Amino acid sequence: MQWEIVIGLEVHAQLSTQSKIFSGSSTAYGAAPNTQASVIDLALPGVLPVLNKGAVERAIKLGLSVGAKINSPSIFARKNYFYPDLPKGYQISQYELPVVQGGNIQIQVDGAEKNVRLTRAHLEEDAGKSLHEDFHGMSGIDLNRAGTPLLEIVSEPDMRSSAEAVAYAKTLHALVRWIGICDGNMQEGSFRCDANVSVRPRGTEKLGTRCEIKNLNSFRFLEKAIDYEARRQIEILEDGGSIRQETRLYDANKDETRTMRTKEDANDYRYFPDPDLLPLEIPQSWIDQIKQTLPELPQARRDRYISAFALSAYDASVLTSSREMADYFDATLKQLPAQAKLCANWIMGEISGQLNKEGIEMTACPITPSQLAELLARIHDGTISGKAAKTVFESMWNGELDKNVDAIIEAKGLKQISDDSAIEKLVDQVLAANAQQVADYRNGKEKAFNSLIGQIMKATQGKANPAQVNAMLKKKLDG
Amino acid sequence: MFNASLKQLSLQLAEKKISSTELTTEFLKRIKALNPEYNAFITVNEELSLAQAQAADKMIAAGQAGPLTGIPIAQKDIFCTKGWLTTCGSKMLSNFVSPYDAGVIERFNQAGAINIGKTNMDEFAMGSSNETSFYGPVKNPWDHAAVPGGSSGGAACAVAARLAPAATGTDTGGSIRQPAALCGISGIKPTYGLVSRYGMIAFASSLDQGGPMAKSAEDLALLLNVMTGFDPRDSTSLQRDVEDYARDLQKPLAGLRIGLPKEYFAEGMSKDVESAIEKALDEYRKLGAQTVEVSLPNAPLAIPVYYVLAPAEASSNLSRFDGVRYGHRAKSYGDLADMYRKSRAEGFGAEVKRRILIGTYVLSHGYYDAYYIKAQKLRRLIAQDFAEAYKQCDIIMGPTTPTVAFNLGEKSGDPIQMYLSDIYTSAANLTGMPAMSIPVGFGDKNRPVGLHIIGNYFSEAQMLNVAHQYQLATDWHLQSPV
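As they're listed, the protein sequences go chains A and B.
Per my numbering, residue 59 is the first one in the first sequence, and the count goes up by one each step.
Per my numbering, residue 222 is the first one in the second sequence, and the count goes up by one each step.
What the hints contain is simulated information worked out from the structure, not anything from laboratory work.
It cannot be assumed that every hint is accurate.
To be verified - Keeping only pairs whose Cα atoms sit at most 27 Å apart, straight-line, the calculated DSSO-like set for lysine-lysine is:
#1 A:Lys187 - B:Lys563
#2 A:Lys503 - A:Lys483
#3 A:Lys137 - B:Lys563
#4 A:Lys533 - A:Lys445
#5 A:Lys127 - A:Lys228
#6 A:Lys445 - A:Lys415
#7 A:Lys415 - A:Lys349
#8 B:Lys574 - A:Lys137
#9 A:Lys533 - A:Lys473
#10 A:Lys187 - B:Lys472
#11 A:Lys282 - A:Lys187
#12 B:Lys598 - A:Lys137
#13 A:Lys399 - A:Lys172
#14 B:Lys595 - A:Lys137
#15 A:Lys228 - A:Lys349
#16 B:Lys492 - B:Lys360
#17 B:Lys612 - B:Lys472
#18 A:Lys516 - A:Lys448
On a predicted model such as this, the values are computed, not experimentally measured, just so you know.
Looking at chain A on its own, in the form it has when it is part of the complex (with noise of 0.2 Å):
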């Protein structure tokens, strides 16, 4: 039988408020235990909730980017149940009435486009961490995440492969941090994927039962994950057996999920709507006003690069990864009107392959756009060659003589030979000088051709201008 895998994806991404969704703790990562919790981080008897607007301007955001509904009101409610990191004994959520309904992420697989349909997203507070280590049968419990917001980002189960759920969850990544509103770091927990799998006969609509696995924190998990948790589902489906809906943890070290809970032993988290905070209200001039302040989104960007400069939808696709890219690319384009071509493809090539390499991000790359746009000037303008560039580049990246690309080429001497009777003078000696290949070439050796230009470029050191010498030695040979 031919199965059809069914993927929905849950994605917690923290919010980058500076302070907590219902206190004004900090939300900074990696302080020393419980020093960023609040009595009412704490929750001391007593103490009371309030919105941070903050965080509401951050979904409001997103709603507004991803074509969503924004409700007004919206209803925050308490999701009760028992952990020590929990303090409060419910965590504040939204659960009828989130603030953000419905919504759309187009996402591209293999060159193709396909739409995902966002279910919802709402807000609600972190809990704490449990430390389990290093207390002698003890648990230690740290609150200073406790309170940090959260918006939680529903899918519709549209996607089929876990190809598509690494596309969505990579398109989604990029606009959190496109529109600012969260800085997507998923070492430190900003941006967490749930996946929930479900296989099914292809060409039947009922969907399977679902296994949920929780708290993916790379994308490569996520794929890994659901590749497993597929497998697993279809093999005992060809066993005659069914599946039991469950919660399931994805262990990384051996490849596999396995059961955390099932839902016999779900909680019942007893919702209701919190009557500490007032149902939330949201303006439409509110809205209108963060709409004003959203940025050009990757999805309009890409379709500009296409039409406006001609670019491939993968060109495109790959400069709108990430709004800092497309910024780049934008100022570099600034420069240097009308080569979107060169611009993309050294983008793409030497400065996103150099910032990898070192691992930096594209804000703290050492060559500016207005650099870069005076070195690929050179090239357009035929004073050095591509592989000569290279060069001038490594040299800037490394901050060599201020980066000042024809004080580079100067001290270098890489400035290409591209006088029409230089290259002439050298043409003619290369071809007196190798009068067999001459021969075999007009004797229809092609290859002999390509022996000539070798020669050619090894005589002046590769400076000669490439299209040049390629056109002068067409034009002795066959003239």
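Since the structure of chain A is already known, use the hints to place chain B on it.
What follows is chain B alone, placed relative to chain A:
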């Protein structure tokens, strides 16, 4: 001195006839002598109170005194008070010294008032007799065999027995008004949102409201002036212009239309209470008011609605008392679940457990719609009844309680009978309207009777006017059991 009004005390302090330190010392002495009998206070801390008194004396000397500067106030042990044991009447918090002040406490501190002690109360404000307190029952100063009412029983007793000039209380279903009625004092639950709930340990968040308890309506007005006001730390706190609740005290009552809900003058009210209430209404007619019959058809549902919503919220509010970060933790336990189970089993009393169970049940999957959602709908209907009634009258009156104070132990084994003592009071919490009780005479066994005055939203100044005019014409509020 012990019978003096707040205004008189303030005058004596201003004229330097007595210092705050002397006044505070006198009340502390009286508490020391009489509290062992009444059990009105859980915590008295002479050192902290006297330090405040000395600071108040400096304020007075510097000419910076306000109306409450230097005056001792008894604080219900539900208000978190920095440096003070704050128990909420529970074993669960019997070791909890608060590191912060509630909004209400801050306001009294800023006014220069003296915290004379933390008053006894039903555990987590759940009770109508003060018998559920971990710290033992409180006696009714009028009859030591009787309960003082609850949950603010210690506060009512302290004022009635003249252990404090005034006190704070909180009211979720009648916890200010019912003990005020049973102890023959005055008490008001303001409109929901006027008094900050920050630092007031939550029982049922959508119903809880703090308020003052005192000997007279005039005193209540001065206390409300200090207690009310916007607090940004409480999202349900209302942002309104500051008002002087004493501004209308002297207005004559001619033309006042008093609504008498027929549902409140029906079966259930005892004869002695009815007779005292009728006499009070006659007095109002003499003062120029007219009475009109109104109807609150859904009022009889207030108790069942209340006993769905209040426990639902309480079951969640009390989840934080888990023995993990503060409060009682069982001495020995096995795993985590066992620690929770034992700590909460030991830390909470029977009534609190009963309400947590009810609340957990009504919020559970499959029951939520039938109980919680339905109760919320009825809550709106009850509010609509009041809105209709206020088209025909300015203010509503009736008995605060169906009977005078019952005996200690009389109802403690029968929760339903106990719950019915809030039959007239809980509607004001469900609607958020202000309501008060003033003493209007005595019933069986010479125990006090309270008149319940319910006003429309934000009509506290008018209600206090209505109460004050009655108190100018009568002297029930001046009678003291001691």
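Hint-by-hint comparison with the structure:
1. A:Lys187 - B:Lys563: holds, 23 Å
2. A:Lys503 - A:Lys483: Distance of about 24 Å is within 27 Å: holds.
3. A:Lys137 - B:Lys563: This hinted pair holds, its Cα atoms lying about 23 Å apart.
4. A:Lys533 - A:Lys445: Status holds; Cα separation ~25 Å.
5. A:Lys127 - A:Lys228: holds, 23 Å
6. A:Lys445 - A:Lys415: Holds, because 20 Å separates the two Cα atoms, which is no more than 27 Å.
7. A:Lys415 - A:Lys349: Not satisfied, since the Cα-Cα distance of roughly 37 Å exceeds 27 Å.
8. B:Lys574 - A:Lys137: Holds. Lys574 of chain B to Lys137 of chain A sits at ~20 Å (cutoff 27 Å).
9. A:Lys533 - A:Lys473: holds, 24 Å
10. A:Lys187 - B:Lys472: violated, 60 Å
11. A:Lys282 - A:Lys187: Holds, at about 26 Å.
12. B:Lys598 - A:Lys137: Answer holds: Lys598 of chain B to Lys137 of chain A is near 22 Å, not above 27 Å.
13. A:Lys399 - A:Lys172: Status holds; Cα separation ~26 Å.
14. B:Lys595 - A:Lys137: holds, 20 Å
15. A:Lys228 - A:Lys349: Judged against 27 Å, a Cα distance of about 23 Å means the pair holds.
16. B:Lys492 - B:Lys360: Holds: Lys492 of chain B and Lys360 of chain B sit about 24 Å apart, inside 27 Å.
17. B:Lys612 - B:Lys472: holds, 22 Å
18. A:Lys516 - A:Lys448: Status holds; Cα separation ~18 Å.
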